[in-house]
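Student: Chains Z and H, in that order, give the protein sequences.
Oh and the first sequence: position 61 is 61 in my numbering, straight run, nothing missing.
Oh and the second sequence: position 211 is 427 in my numbering, straight run, nothing missing.
Read the hints as simulated data drawn from the structure, not as lab findings.
These figures come from a predicted structure and were not determined experimentally.
We treat Cβ as the ideally placed atom computed from N, Cα and C, and that holds for glycine.
Accuracy of the hints is not assured; some may be wrong.
Said to hold, decoys possible - EDC-like mimics (lysine to aspartate or glutamate), calculated; alpha carbons at most 20 Å apart, straight line:
{"no.": "1", "chain 1": "H", "residue 1": "K300", "chain 2": "Z", "residue 2": "E161"}
{"no.": "2", "chain 1": "H", "residue 1": "K320", "chain 2": "H", "residue 2": "E437"}
{"no.": "3", "chain 1": "H", "residue 1": "K307", "chain 2": "H", "residue 2": "E348"}
{"no.": "4", "chain 1": "H", "residue 1": "K300", "chain 2": "Z", "residue 2": "E120"}
As the list claims (entries may be wrong) - Pairwise CB distance ranges (calculated):
{"no.": "5", "chain 1": "H", "residue 1": "G285", "chain 2": "Z", "residue 2": "H46", "range": "55 to 63 Å"}
{"no.": "6", "chain 1": "Z", "residue 1": "A7", "chain 2": "H", "residue 2": "N444", "range": "23 to 31 Å"}
{"no.": "7", "chain 1": "Z", "residue 1": "G193", "chain 2": "H", "residue 2": "L309", "range": "31 to 39 Å"}
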Amino acid sequence: MIPDDEALVHEGIEAATARPGRVRLIACGALAREILALIRLNGWEHLELSCLPALLHNRPDRIPEAVRMRIHAARAEGVARIFVVYADCGTGGLLDTVCAEEGVERVPGPHCYAFFDGLETFDARAGDEIGAFYLTDFLARQFDALVWRGLGLDRHPELREAYFGHYDRVVHLAQTEDPALTAAARAAAERLGLAFERRFTGYGDLAAALAGLRPG
Amino acid sequence: MADDDEIILSELPDDELVAQMHDDLYDGLKEEIEEGVNILLERGWEPYRVLTEALVAGMKIVGDDFRDGILFVPEVLLAANAMKAGMAILKPLLAETGAPRVGKMVVGTVKGDIHDIGKNLVGMMMEGAGFEIVDLGINNPVENYLETAKKEEADIIGMSALLTTTMPYMKVVIDTMIEQGIREDYIVLVGGAPLNEDFARAIGADAYCRDAAVAVETAKELMARKHNLLAAAAKG
C-alpha cells in the first residue's frame, strides 16, 4: 500500500512488526514511495520500511538523533539488520557519526537528489547548476507543504527574494514519467519566479544501494 | 505577541516603548520599528543606545526563540527585515556620533554556495554590536576573502555555507592562509546549518558560530583576547 503523503511529511510511518531475516530500512519520508516502488518492482520482500517525517528536512540538526531513536526501537524489536536511507541531508557529517556509533550503514551521498541523479553525474554538474533548486517527485508533489508553506511563503510572499533571490532555475529530477508531476513542478517554478528544467533520473543510485542489501 | 488594541507608540514612556519595540521586532513589524526608532531619537536618545537597547536586545529574544524551536526561519527573516529598517535610520547617525567600533569583519558565503540568509543575519547582528562589516556576498573563491581582508585591514574572516558539499571549501581558505603565513593575522569564524564544532576544529577555524548571537559573542571574546595578546606582546 502506498502511504499517505501527508503522513509522510508530518508523521512518518512505522514498520510492521519485524520478521526474522529481514532488513529494516530507516528512511526519510520523502523517499518512501520510491523505496516501496523499488521493493515492489524487484520483489525485495526481505526489506521492510520505517520512515521519519519528511518535514525534518526543515530542521536537519534533528535528523541524526531521530534516526538513532528509530535504530534503538528496531533493535528493541529484535531487528538484526538495519540500513539508513538518508543522505547526509545537511547534517554536516553528524548522521555519519550516529551511523558509525550504532554500527549501521547509510546510502551514500550528500542529498537525496544527488543519489537520484547519480552521485558522479551530480558532482560533475555542480558547477553549472549552482543556481538550481532541485525538486524530486516527492518534493514536486509536496511543494506546497514543504516549501511554500514550510518556508512561510503562503503568509509572507515578500520573503521569496530572501530565500530564492540567488537561484535561477528549478530542476525537476523525475523518478517517474508522470505528466501531472511535471506540471506540478513547472507550476512550482513559476510560483518561485524561476526557469524550469526537467531531467528524468529514475531511481538512480538508490536502486543500486538497496539491491546490495541481502536478507540477514 | 501582537495586541489587537491600538497602541500609540509616541504616547508610551521610554521603557514601555522599548518593550513594545521588542514585541514589534518579534512580530516583524517594520513600520512600527521605524516609528519607534524615530520617536526615541526625537526624545534625545543617542543612536547607539537606540540600537543596542531597542533593536539588538529585541533581536536577541528572536534569536533565542529560534534556537529553542519557538520561532522558525520566516519569523526570523521578518524580524531581521524590521531591524534592518531601523538600522537604516540609525546608520548615518552612528557614523556621525562616533559609536564604538569593536572590529572589522569580512564575511561571505563560500565558493559553490549561493545561500546567504544566515550570513546576512550574522552581518546585521555584528553591525549592531559595533563591528564594521564588509559583505562579500555569495559564491566566494579564496582570493575574495584574502584580498579583501588585506585591503580592508580586517580583524575577522567569516565564512558561511549551507551545503554539505560546499562546507569543505572553508578548509581551502584556511589552508591557503597557512600557506601564505597569514593564518594568525585573522580570527576565522565559520557557520552554517550543516556545520558543527568538530568540523570547525578539524579545518582549523577559531570558532564555529551556531547562530548570529553566538557569532557576536564569540567575535567579541576573541577580539578581546587578541587585544590582550597584543598588549602583552607590546609590554614584553
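Student: If a hint holds in the structure, say so; if it doesn't, say that too.
Tutor: Consistency of the hints with the structure:
no., hint, in the structure
1, H:K300 x Z:E161, "holds (15 Å)"
2, H:K320 x H:E437, "holds (14 Å)"
3, H:K307 x H:E348, "holds (11 Å)"
4, H:K300 x Z:E120, "violated (42 Å)"
5, H:G285 x Z:H46: 55 to 63 Å, "violated (38 Å)"
6, Z:A7 x H:N444: 23 to 31 Å, "violated (56 Å)"
7, Z:G193 x H:L309: 31 to 39 Å, "holds (36 Å)"
Violated hints, listed in ascending order, are 4, 5, 6; each of the other numbered hints is respected by the structure.
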